[in-house]
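Chains as they are written, first to last, in our numbering: chain A, 3 to 199; chain B, 13 to 583; chain C, -8 to 72.
Hints are not guaranteed to be accurate.
Cβ pair distances, simulated, as ranges [as the list claims (entries may be wrong)]: (1) C:1 x B:572: 45 to 55 Å; (2) A:106 x B:62: 19 to 29 Å; (3) B:554 x A:91: 38 to 48 Å; (4) B:312 x C:52: 15 to 25 Å.
Please keep in mind that the hints were generated in silico from the structure rather than gathered at the bench.
All C-beta atoms, glycine included, are put in the ideal place defined by N, C-alpha and C.
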Amino acid sequence: MSAPITNPELELVDEAPGRPVVESAVLGTVLFCVVEAMLFAGLVSAHTIVRSNAVEWPPPGQPRLPIESTLLNTAALLLSAPVLFYAGRVFRRNRRDALRPLALAIGLGAFFVAFQGYEWLGLLREGLTLTSSQHGSFFYLMIGMHAAHAVAALVALVWAWQRLFDLRLTPGAFGGAAVFWYFVVAVWPVLYWRVYL
Amino acid sequence: MAESIEHPGHAGGHDAPHDHEMSFWSKYIFSTDHKVIAMQYLFTGMAMGLIGGFFAYAFRMQLAFPGMEVPGWGMVSPADYNSLVTNHGTIMIFWVAMPVLIAAFGNFLIPLMIGCDDMVFPKINRLSFQIFFVSAIVLLSSFFVPGGAFGGAWTAYPPLSANPNYSLTPMGSSIWVVAVALEFIAFLLGGINFITTAMNARAPGMKLYDIPIVVWMIVVASILFMASVGPLIAGAIMLFMDQNIGTHFFDPAYGGDPILWQHLFWFFGHPEVYVVLLPAMGITAEIITVFARKKLFAYRTVLYTTFGTGVLSFTVWAHHQFIAGIDPRMAHVFTITTLLISIPIAEMCFVYVATLYGGSITFSTPMLWALAFIFEFLIGGVTGIFLGASGSDIYFHDTYFVLAHFHYTFFPIAIIGTFAGVTFWYPKMFGKMMNDTLGKLHFWGTVIPFNLIFIPLFVLGAAGQHRRIYNYEHFPELSAPWMQDLRQVATIALVVMLGMQLVFFYNFFASMFRGKAAGKNPWKSNTLEWTADSPPPHGNWPEGLPNVYRGPYEYSHPDRDDDYWPQNVPS
Amino acid sequence: MSRAALAIAFALALLVPGAAEACSVCFSTTEENRWAFIGTTVFMSVLPLGILFGIGTWLRSKVLEMERHHEAARLPTPPAP
Ligand SMILES: [Cu+2]
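For reference, chain A alone in the conformation it holds in the complex (with noise of 0.2 Å):
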């Protein structure tokens, strides 16, 4: 069962007339999280062009990443992902099931955005800020606009997880917020490579 995929504000048919490839809010963020990958690339690419150029990378003077916690953040954010792939698997089965393991995948990207903040505060505090230098400037810029999107992500499934409460969760629009979630969850690593390493 399809939803109608045209204009809801028509009652003109009675049957929905387009038969979708594969669901519309899927394939829409899919083609939305082609946008974004390439403008990671960008950022990814920027990143690498300035720091060839610098003599020292990072900058003297600038404090070191925390790479070993962020590790342990990282794994946090890459497990949400099998999780939500699992509520996924639960959600065609059985709806009200998928609540647990959908709360499971949300807190673990909570965690991982909180934990991102609270290291972003010990940064700031050691001198490592937007302007100090290309480094943090970089920093700054790409691990935000990854926060960012991870913010919109666990508010789009907040979203589907009270929808799935009041059981009004569409396939299409679970399938879409969970898409969008993947995507966070694989840039990650390609950001925490060049970034952090």
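With chain A held as given, fit chains B and C with the ligand onto it using these hints.
Just chains B and C with the ligand now, with coordinates in the frame of chain A:
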């Protein structure tokens, strides 16, 4: 918003279910109907086109008659000149070519041509136009801030654009970046809609190879846009931070890299040419098949060529940096890819000529525009070869030869292609026919002056006339009398061409009221939009959506009495 | 020499004029920076094509599957012309 204040009864209420009487606001301003949104884009684009044309008039007058009091503008100061050329380019590409070719035709044609009642995300579609409209206002507002509008050329190269001490437009340059970023977001939302709709909402029976070429090309153009705009959004954020927060991404004094911006910009900027070219190519394909009464020659070849163009368009961008100090090894590779990309485009032109060959051609106004598009774009393409080869580009770089070249590509795309589409689908848009005599007068009055503007500029460019010079009197070797004469020829031709647009606007608006009724299918065309009423009502086919039985180009089929065979007719 | 060998030799010869700078003042300072530009150029060229190729293949398979299963059932076959 001001609209809601005037109509308190509808404040925020346009999502509520309406019964019978839809107010003006909910019907024309806050509608989610794809045709209304298409018209909003079309009219906004045309209004911006007038502004961009006026800017061109003002700075061309300054070049032809330096120091003259330009009627309608006044004295053009050097700062005025810079912001006029900058915003002429910005407006014509981002606020005219994009909204009209992609958004207006995409919105109008995609649901009608694939046989569905609306876009799959109608509210996102409405949001797309609203953001676009705001972006236009933001851009124009930069003319009224202290320091004036941004004047660092539409490519906004840093450090000029990043540092207000150089650009002298502290607010104008930031507003420019914000406006462009908003505009990208608008088209991003639109692009998602176009691609998803074309995939998911096709009429029963419409297979992938039954989709009209223009829909395919708009979809491929949207894909190109979506896949190339990301790096420029990243660059725009970085530029904005450089301007306002104090980062130094593009500042070499602090370890930044100004060439980096050129890469981020042109990574989008070159595919952008194909983003606007493909819809115009598609419009041309529809028109020449209808008016040659012939099947499109090699439908699948055109389609694969379109994909090939898309693939190649991602690998050519650094031909804009040949003299910016890129590695000569890279310059070689980009020379080769740039010359390669002329092959698919040339192939499309051959296909169109093959379609015309042996057809029974009617020289109606849309057909004239379509033929002119092929002819003029060909000149643009051929002159591009000199610029794509890194060796000759070292000489031609930043001369008027470059300028004339890309006007020979963008003018056919954005102006000739648009007029072809508007005159062709006008009966469907408004239910009336346009006046053919006035249409032809406007056609010749536009195309002849267009060539008279830019052929002199090719000559001047080949003679070494540099771009971005406010007054050539300061350069004795560039102000020889014959050169100044050519500048005046170009400017006078521009004034004539702009004046001829009055004929179009008269024809456009007068025909809405006085044109003769068009009927459903005045051109005897095959595609689905011609089976709906003219203009199509909300929902396009209230009596039921069409089925599709064949491809879109079955003209002059030997076994049929009629010389056309609509896609929805069973036999 | 075979044609392929000729083509490869020609392509390699193109890499020789590494020092022929078009602009005498604006060259990048370090070899590392040159390779960063070349590397990111390759990356940025290949990435969108890879993504689009992947999505295109996925959609194409979905479309073909749908056309096989649903199309014949939904439309009466048009009589042969
Ligand atoms: Cu280009």
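Status of each hint after checking the structure:
no.	hint	verdict
1	C:1 x B:572: 45 to 55 Å	holds (53 Å)
2	A:106 x B:62: 19 to 29 Å	violated (57 Å)
3	B:554 x A:91: 38 to 48 Å	holds (42 Å)
4	B:312 x C:52: 15 to 25 Å	holds (19 Å)
Of the numbered hints listed earlier, the single one contradicted by the structure is hint 2.
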